[in-house]
Structures are given as structure tokens and as C-alpha cells.
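Engineer: Keeping the supplied structure of chain A fixed, place chain V with the ligands upon it in accordance with the hints.
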Amino acid sequence: MGTETKSQTTTAQKFQALILDIFFGIYFVVTLHRVFYYQVLLSLRKLPPVTVEIVLLYIGIGTILGLALFVLNASPGKLIFRQLPDIPWKKAVAEHFLWIIGVLTIATGWVVTRVSILDFFSQEGLAGAKRIFSALLSPEWSILPQALLAIVETIYLALMATLFALPVAFILSFFTARNLMRQSPITLGIYTVLRVLVNFTRSIEPLIWAIIFTVWVGIGPFAGTLALMVHTIASLTKLYSEQIENVDPGPIEAIEATGAHPMQVIWFAVVPQIVLPFLSFTIYRWDINVRMATIIGLVGGGGIGTLLMQYQGLAQWHEVGLLVLIIAIVVWIMDYLSARIREALV
Amino acid sequence: MALIELRKLNKIYPNGVHALVDVDLTVQEGEFLVVIGLSGSGKSTLLRCINRLIEPTSGQILYRGQDVTHIQGKDLRQYRKKIGMIFQQFNLIKRRTVLLNVLTGALGSLPVLPSILERFPDNLRQEAMEKLRIVGLEDKWNVRVDALSGGQQQRVAIARSLMQHPEVLLADEPVASLDPATSHSVMKYLKQLNTDYGMTIICNLHFLSLVRTYGTRVVALKQGKLIFQGKPEEITQEWFKEIYGEEAEEVEIA
Ligand SMILES: Nc1ncnc2c1ncn2[C@@H]1O[C@H](COP(=O)(O)OP(=O)(O)O)[C@@H](O)[C@H]1O
Ligand SMILES: [Mg+2]
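Which chain is which? The protein sequence lines are A and V, in order.
All the letters of the first sequence, read from the start, carry residue numbers 1 to 346 under our numbering.
All the letters of the second sequence, read from the start, carry residue numbers 1 to 254 under our numbering.
Misleading hints may appear alongside valid ones.
As the list claims (entries may be wrong) - Partial chain A-side listing against chain V, Cβ under 7 Å, derived: (1) F164; (2) P167; (3) Q243; (4) N246; (5) G250; (6) P251; (7) A254; (8) T258; (9) G259; (10) P262; (11) M263; (12) F268; (13) P272.
Read the hints as simulated data drawn from the structure, not as lab findings.
Since this is a predicted model, take the numbers as computed values, not measurements.
Beta carbons are placed, not taken as given, at the ideal position from N, Cα and C, and that holds for glycine.
Just chain A, with the same shape it has in the complex (with noise of 0.2 Å):
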């Protein structure tokens, strides 16, 4: 039993090690190409367009490669899961590959995102940093009324999103949480879905929520609050019901034990475990929500972030100064206030 399944993992870890070569072998191809020959050696700007001849050449002569490096055991794949046989010269090969696939992963990230030391410390982009710089370093306090209400409605807008996802998330959370949910079939059947959930929600930024909530209740501070209340349940549910799962299990036997309903066992053995550590999250999330809400605002979730996007636009650099300037006041608060009183609950 013991030699079979030893045999098995081997297989599968094989199997990885050679879709890592194919992959790395058509990645080697694709860079070489289009970054390093085009892009670095000819110095094109525009690069020919790709058809699907290019595709297929690409991938046919990266698997052949791959493959190759596979077969004669000097193997990147083989070397990353150490199943790589103790041959010098085949090991140097493998990893002289994975030195050259990074240093061409650095050469494409510089060319992609068009790394240009030239604009940076250019004539003119100089003189506009100066601008922008000296605009936003004497802000313009005539707009402070507004921005004040502005900064108001994103702390209301942060804490209304807080308030909101915080009966959902706490319920949720013992449905999350592993220990509570592995009794039986079904609970565990409703824990592998709501987890799917939660996880898949969280792992899409607020920003994006609130894209999608723009278009569905107008733009303003609504489709705000709910682009964070969303993200808010996600993340929310996922850090208590971590908590859950790491609460002692001593108090909840002994519960157990006197004949008490499932319930009482939860309020009496699980609740009591967790209340601080779930206020300090809370609190810890208040805070990220001021932070997120305005820049949810950049997108037409209403407060600041949206009277920043309009001086922006106008390119009225004296009142963007002040508006920076008071978020960042209000953020420095938000997170000094957040740390202290966390501290006092722990």
C-alpha cells in the first residue's frame, strides 16, 4: 500500500514536472521572440501582428523543446520538484534555462509596462512634476466646506457598509467554519459551497463591486456602501470564521456534555471565545473601508473619492492638493484610532 501510493505521487509529480517544461519551453519561445529579438535587438516599436501561423510555430517549437529538456533529464520541471538525477552538467543546463526564463520575464515586465528612464527625468515631465507638485503643496482652502462634507459622507458611507455586513458576516461565519460544519454531509456540503462563495467574492476588489453597482442603482454613495458591504461580508466572514475554527474545544465539550442544545452550546461555549477578536477585525475593517471608500469614490461611489475625480478631470490642481491633504488626515486618524482601540481590546 505504503510503495504504491509513494509510486503514485511520483506519477502525478512526473506529470507536473512535464507540463512545467512545456510551459517554460513555449514561454522561452514566445519572449525570446517578441521581447528579446524584436523588442531588444531590432528595437521595434511596433511589433508585427501575431497570426495564427506565429501561434502554432510558437507552441509546436516551445513543446519540442520542452520536451526535449524533459527526455534528457536536464529538466527545469524535474530540477523545481527535485526528481532531477545527480548529473552535473544536465543540472547546470536545467538551471541555466530557469536563469535565462527570469531574466527574460524582468527584460518583457521592463518592456511591457515601458520602463522609460527618458520620461522620467525628461525636460517637460520634470516641469509637469514641478506643476503638480507646487499646485498640490498650496491647496486651495476656499473648497474646504465641501471637502469636509465630502470626507463625512465617505466615513458614513465606510461605517453604513461596516454596520451592514456585519450581522451577515457573523452569521455566515459559523457556517464557514470547519469545525462546527464537519458533523455531517450536509453541513459539510453547505461549508464547501458558502466557502466557494465567500472566497470567490472576496478575491474581487471593492473597486470592481462597485463598477458593477454603479450600473445596477446609478451612480452615488449607494452603489458605494454596497461595493463595500460586499467585500465587507467576504473578507468579514472568512477572518471570524478563522477564528472559530481556532477556538478551544475543551469548553465546547464540556457544554456538550450537560445535554445542551446545539444553540446554547454556541453561546455558551463558542461566543464567548470569540467577541473580542471579532470587535478588533471590526474595527480593523472600519478602518480599510474609510480607506477603500475613497477610492471607490474614483469610480462614482460618491464622497471624496468622486470630488477628487472631478477637480482631477478639470485639472484644478490647487483643490485635488487639499483634497489629498485631507484624506490623508483623515486616514492617519482613522488607523491610529483603529490600532489604539484594538489594543485595549486585546
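Structural biologist: The following block gives chain V with the ligands in isolation, referenced to the frame of chain A:
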């Protein structure tokens, strides 16, 4: 009729550990039964099968002749109410008061919603104070349990289990985290429940000297098998080596 009867009880954990192997055991009413064995021999698993905190893999559990191996829901809770339990780590609700912890012993008889709102009837509070008097802690009723010493916490746990009016008390190494003097004081309370109230006690213990002082009968587990049943004084040197291994030396607890 026997109070508890285990028939060919087996427990195999999901990771494949065979923690109980064909255990047959009969417990009579009024016994002070001690379970001994090396750590990992299956003592905790055995106790937890009796009140079904752990589901046995096969075999039967009879309580007063009734099969309780597969009861669920309300029946299971009614059954658990008859069986108190105390633990090595006391397992109290740490940030709450002594009185609240004792009151949680009565949860099995209370409706869910009022109990969650912590609306305990006055007569229950009085009863909780009485149980605290039994274990000598009535003046500590309003203290947070995490401010108490280990021995005091175990006595709170005993008071909590008394709120169930249990017919049986399961004690899983109740003195293993206590010093010798405190150990004796806690064991004396268990002995008192046994002699004065006729409560059946099933107690896992580490020290043989405690077994001789308090037990009326002993069973020994080794790798999940019940290898010895008898009176405490029947554990000879040979049996001792058999249960604890050739290398073992008996240590006295003061
Ligand atoms: N929840 C569990 N999952 C897997 N194995 C367990 C679990 N609990 C106990 N075991 C194993 O079962 C055996 C018996 O454990 P236990 O009943 O705790 O023994 P004891 O109380 O005598 O020390 C040990 O080998 C232990 O590792
Ligand atoms: Mg144990």
C-alpha cells in the same frame, strides 16, 4: 441490572488509529470505577463514547438496559443530562463568573431562548449557590473563573456537573494538572459524591496510589484493549509491568 454496559465497543478515528478494540465493560450503580493505562491507551476515548461525545465505530452502549448507541437529537441530550463530566483542563468559560459557569450545568433542562438571554430562574441560582457550597466555593460566586487556582476551577467544574443531577460522573484525568495536595482535595470531593450521594463515578487516573485510595474497582486499557479488571489491591507488580511496560517504575503521590 447493570447501569452501563459496553459490548464489543470499537473506535477507529478517521486517521486510522484504532483507539478502542472490542471493549466489553459493565459498570454497576454506585461504583467508583477507575480506568488506568498509558497515555494514548484510549482512556479519554472510552469515557467520551459513554456520553457519546465521540461516536463509536461499532459495538453497543446500553444504559439501564436501553440501547443508546445511536440515539440522536433530543433523546441524546436527555441522555447526556444524566451523565456529568469533568476534564483535565476544567473546560470552563474563562471570562465569565463562577456562578454563570455553574449555571451552564443546567442548560439541558432550560429552554433555548431564555437561557441564551441568561434569564435563569431564581430557584436555579439558589441551587447553583448550594452546589458551590458543596465544593466550598460559595464566597467566590462572583469571581471570574480565570482568576481562580486550578484546584478551585476543578471544583467549579464539579459544581457545574452537579447542576445536571447526574446519575454518573465521568472524570477524565481530573487531577492531572494539579499539584499533589490539591489533587487529594479534588479526589475527596469525588469520593464524597460517591459515598454520600451514591453517585456512580468513572474516573481516568494516572497515579496508582490515587487508584488504591479512591477506587472501588479498576480496569486497565492497553493499546485500546481492556486487559485487566479487578480490585485496586489486585494490581500486582506483574500486572503493573504488563500495563505500563517493563521500564515503568511506580511513583508515589504524597
Ligand atoms: N480526535 C482524534 N483523532 C485521531 N486520533 C485520535 C483522536 N483522539 C485520540 N486519538 C488517538 O487515539 C488514541 C487514544 O487516545 P486517547 O483516548 O486520548 O488516550 P488516553 O486518554 O488514554 O491518553 C491515541 O493514539 C490518540 O493519538
Ligand atoms: Mg486522555
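Engineer: For every hint, state whether the structure bears it out.
Structural biologist: Quick rundown of the hints versus the structure:
| no. | hint | in the structure |
| --- | --- | --- |
| 1 | F164 | 24 Å, violated |
| 2 | P167 | 16 Å, violated |
| 3 | Q243 | 15 Å, violated |
| 4 | N246 | 15 Å, violated |
| 5 | G250 | 4 Å, holds |
| 6 | P251 | 5 Å, holds |
| 7 | A254 | 4 Å, holds |
| 8 | T258 | 5 Å, holds |
| 9 | G259 | 3 Å, holds |
| 10 | P262 | 9 Å, violated |
| 11 | M263 | 5 Å, holds |
| 12 | F268 | 5 Å, holds |
| 13 | P272 | 5 Å, holds |
When each numbered hint is compared with the structure, violations occur for hints 1, 2, 3, 4 and 10.
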